[in-house]
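**Q** Top line first, the protein sequences correspond to chains A and B.
With the numbering used here applied, the first sequence has no gaps in its numbers, which climb one by one up to 448 at the end.
With the numbering used here applied, the second sequence has no gaps in its numbers, which climb one by one up to 448 at the end.
Rather than coming from a laboratory, the hints here were simulated on the basis of the structure.
Heads up, a few of these hints could be off.
Selected chain A positions facing chain B (Cβ under 7 angstroms, derived; list incomplete) [what the hints assert, rightly or not]: (1) Thr(-3); (2) Tyr0; (3) Leu2; (4) Arg69; (5) Asn159; (6) Pro162; (7) Ala368; (8) Arg369; (9) Gly372; (10) His421; (11) Tyr430.
Yeah, the Cβ is synthetic: ideal placement off N, Cα and C, and Gly gets one too.
There are 2 protein chains.
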Amino acid sequence: MSDTIKYLLPEEQIPKTWYNIAADLPVPQSPVLNPGTGQPIGPEDLAPLFPMALIGQEVSQEREIEIPDPVRDVYRQWRCTPLFRARRLEKALDTPAKIYYKYEGVSPAGSHKPNTAVAQAFYNKEEGIKKICTETGAGQWGSSMAFAGSLFGIDVQVYMVKISYNQKPYRRALMETYGAECFASPSDRTEAGRAILAQDPDSTGSLGMAISEAVEVAATNDDTKYSLGSVLNHVLTHQTVIGQEAMLQMEMAGDYPDVVIGAAGGGSNFAGIAFPFIGANLRGGPKVRAVAVEPAACPTLTRGVYAYDFGDTGHLTPLMRMHTLGSAFVPPGFHAGGLRYHGMAGMVSHLAEQGLIDAVAYHQNPCFAAGVQFARAEGIVPAPESTHAAKAAIDEALKCKEEGVSRTILFNLSGHGHFDMQAYTDYHAGLLKDEDYDEAALKASLDQLPQVAAE
Amino acid sequence: MSDTIKYLLPEEQIPKTWYNIAADLPVPQSPVLNPGTGQPIGPEDLAPLFPMALIGQEVSQEREIEIPDPVRDVYRQWRCTPLFRARRLEKALDTPAKIYYKYEGVSPAGSHKPNTAVAQAFYNKEEGIKKICTETGAGQWGSSMAFAGSLFGIDVQVYMVKISYNQKPYRRALMETYGAECFASPSDRTEAGRAILAQDPDSTGSLGMAISEAVEVAATNDDTKYSLGSVLNHVLTHQTVIGQEAMLQMEMAGDYPDVVIGAAGGGSNFAGIAFPFIGANLRGGPKVRAVAVEPAACPTLTRGVYAYDFGDTGHLTPLMRMHTLGSAFVPPGFHAGGLRYHGMAGMVSHLAEQGLIDAVAYHQNPCFAAGVQFARAEGIVPAPESTHAAKAAIDEALKCKEEGVSRTILFNLSGHGHFDMQAYTDYHAGLLKDEDYDEAALKASLDQLPQVAAE
């Protein structure tokens, strides 16, 4: 029986460094700007929000950043995560393609997010921080930060997008089980939240709004720092443990990917699997096509503009040059809450501009169909976010079949769907809509982009 | 930092045989009886329900039963499961005890149940069976059988206890994602179900009732067999991969358990971790105290009688000698649906009678408290069933602290709680009751035990 094959690294091969793609860029990334002065920000601008070690990583040009031993000790609980050759799926698709997936759902929180949460908690602890404030959409990030906080004895406060807070009580329960506090955003606990509620008392929230609230709490409390689960360079860098392990595991399999695929909301899931392969190519290694998969209802890479924009709705963050739908953009409701962000990581956007990555967008029904097909073949039920990567991988494999060629496909199965079974229930019942975003609202949102002289 | 340590076996050390404790018993187990004749049943009595290979395993006296390659190929997707030394929990408890846990939650269905589901699907497939009918309480078993059916191309029908069907839609969604059909039991699809509904149209169901329905469907359809997720010898035997792996992993750790702990509903979770250690002791190896942990609201081992009884409410099964609360017993509602069975595996009961195992019972609130304590230290949120084992392990570790001695404790963390976060929400909100069973109802149920001359 040609069955699914698992590749695991011995413990000593779990990465000892994170990979920082900034070191290998042919053209450097645009600087982050102070919205008041239009000038590049310095470490002191970020110091109220982040510990200095993370600020250093944010702008580092070092290729390898050492993973501190206490972080690596925690990683070892679930890393190396398995790389699977999806032989049962290949057979079901009757494709000549070879499909591999890296499975991050074995972490205690069930997704890839703890890779950076643990690192961030560690650096905050090192610098004497007592409390971390953050935001979360569907709750994958919030629960991972709650997990990491519980390990390092740091209090965690999470502002959770209100619609998810009400519709996804399971991840909220997980955060509370880890000892974190969780508030529905927009809330009346912050200036930013109160301003939004004054305009729209029924606001169901957005990631941009929740970021404003969490940033405000951190900026106005000395013992509290802010933490972000994606978008920023240091977060993307922490996630490269995924791709680095995958590279060694592909070597065990005697194979190398032609195509590397990851879902992209803020960008860290995609960056985690793809950056090490892109970097190897930039340093003269084999060519790899890297594909970021986004939701058609929130298509930052495929439909957004590349411009300086705020990371949040309340305009409390610095300006980042990125693919954006405008910070006022609120996507229609869909289940992959982790992909509902108006922007895209600056580094991922930069690579897209440089022609180093591709992007595709799918509606949610075909993604859940792919998730069900994947589950019946491989046994693992993907998180709604991860179904996007599965969909792109299956499409790629079917294209190989059409063309009669074999390519090697690798995708990041970033988390399991056990917290999100309501989405599958709705899918089975035919209740999921494939809504498009509102074109007029997108235009209005883009019209409000800040004017930046440096562009 | 003294962190959690993980032990993993190389792939070639994943067991090649299941361990059958029948071969090492000092006193043989009592036979299963035909309720009509009072005589021991033969293979032909079971043939309508099970494939011959499993009937053979049910009565086998061979110590080692070969694991077929296709089953082992599937096992390899998530086995060897990790054994952890819970150093962070030990530190939190400030105990001299060493605590190890075997984590079965890494399987695609999130629990230990696929260990036997995959084996059962394989043997049915080998004998040309097209459809398997089974029952489930909280849904761990049903979803595991659905998973196994999807791998081997066998249709799966699941009768799910009605109260769980309504209250736990997540596991139902999981079964449907794997392609299984799921019905609330008691249903009007079977004679057994209709008889129960005629007596009590509002019945919320029980495992005993759901078993009657599933057995009836299998017995009355030629292409359909029945499958049980616990209780029977072949099921317990399949689960011994857990304890066999744990034994080798403890060896890697340079340690051996003084105490082995597992939650016990039907008995397969406990048997899986404990039988290999008990067997080793019976063959002259080190003494191990094996502790089965049951819910105080359904205390078969600690409060039931050892007698011949039916396995189901409708009295369609043969008679097994076991610890039972009587087949008419319906426990009060509590969250660990996998522990709500009126009986206990005959083999586990026999070992209890022989003084080879201990049993303790806990109410659910202290178990969830242990689950939260465990999650905050070790990061993994236990399934409600598994919190029972965690509670017993923590109590054992605290006893070591009191006594100033170090013992080595091993428990089976049989599944994660990601499908059961509503239970944690209710626990956090103080909504969980520690109900006792009704003494009068227990007495009435025991009064209805069948009269068996052989006893």
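**Q** Now, for every hint given, state plainly whether the structure supports it.
**A** Here is what the structure says about each hint:
no.	hint	in the structure
1	Thr(-3)	holds (5 angstroms)
2	Tyr0	violated (10 angstroms)
3	Leu2	violated (11 angstroms)
4	Arg69	holds (6 angstroms)
5	Asn159	violated (13 angstroms)
6	Pro162	holds (6 angstroms)
7	Ala368	holds (5 angstroms)
8	Arg369	holds (5 angstroms)
9	Gly372	holds (4 angstroms)
10	His421	holds (5 angstroms)
11	Tyr430	violated (27 angstroms)
In this structure, the earlier hints numbered 2, 3, 5, 11 are contradicted, and the remaining ones agree with it.
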